[in-house]
Amino acid sequence: MFEIKPQNPETYRQQTRRSTVIIALIFVSLAMVLSSAAVMMFGEQGGDNFRLNLAGVLVALVSCMVLMRVKFWSQPWMAAAVYGWQLKRSLMSVTNVMHHVKTRVQAGDPAAMKLLRFYHLGVTQMHQLDANSSALSQMVHEIDQHKAAMEAQGMDTDQPRLDPEWLEAVKKAGAVK
Numbered sequence: 126m127f128e129i130k131p132q133n134p135e136t137y138r139q140q141t142r143r144s145t146v147i148i149a150l151i152f153v154s155l156a157m158v159l160s161s162a163a164v165m166m167f168g169e170q171g172g173d174n175f176r177l178n179l180a181g182v183l184v185a186l187v188s189c190m191v192l193m194r195v196k197f198w199s200q201p202w203m204a205a206a207v208y209g210w211q212l213k214r215s216l217m218s219v220t221n222v223m224h225h226v227k228t229r230v231q232a233g234d235p236a237a238m239k240l241l242r243f244y245h246l247g248v249t250q251m252h253q254l255d256a257n258s259s260a261l262s263q264m265v266h267e268i269d270q271h272k273a274a275m276e277a278q279g280m281d282t283d284q285p286r287l288d289p290e291w292l293e294a295v296k297k298a299g300a301v302k
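Numbering-wise, the sequence shown is residues 126 to 302 according to the numbering used here.
Keep in mind that the hints were calculated from the coordinates and are not lab data. Possibly wrong hints are sitting among the right ones.
Stated by the list, open to error - Distance condition first, Cα-Cα at most 20 Å in a straight line; then the derived PhoX-like pairs of lysine-lysine:
hint : residue 1 : residue 2
1    : K213      : K130
2    : K227      : K297
3    : K227      : K296
As the list claims (entries may be wrong) - What follows is a list of derived Cβ distance ranges for each label pair:
hint : residue 1 : residue 2 : range
4    : E135      : R214      : 20 to 28 Å
5    : K296      : R176      : 40 to 48 Å
6    : M126      : G233      : 37 to 45 Å
7    : E290      : R176      : 49 to 57 Å
8    : I151      : L179      : 16 to 24 Å
Virtual Cβ for every residue (Gly too), placed ideally from N, Cα, C.
All chains, full assembly: derive it from the sequences and hints.
This is the structure we're talking about:
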């Protein structure tokens, strides 16, 4: 279950830039070392070693992907990037069923209303973290309108957690149509 947590946008961007630079430097270093080693061990002097260089780069890419998941993912310097990835992944899980969500919201389904509120809160934070205020300004009316509808029904508008049961309920209700 993903939960939206308060983040300082400037700090978030600084930390994600730092982690991106670290990963890029590791990749470039690995690619250079592995490509050079492959050419030294298997290459022809003065020959065409493009395939060996490409193989070194591909092995470096796969190595970086494995390092990301196994070693770096849990490191403190990756926390902001991991949070951003989880936020975007959670929002995408809602986006994938948005047509069902909106249909169920119009029918007054509480799970769908909570799910849409979580989505609005998550999108708001994502745009703030990414410094994309113009995209957010286009959604303000829809967000305010949905919040008012929830308040009119006496529902809690603080929905920082994505409950997987809401997604399943909306999917099932949409499939029953």
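- Message: For a quick check of understanding: which of the numbered hints are violated here, in increasing order?
- Response: Hint check: 6 fails alone, others pass.
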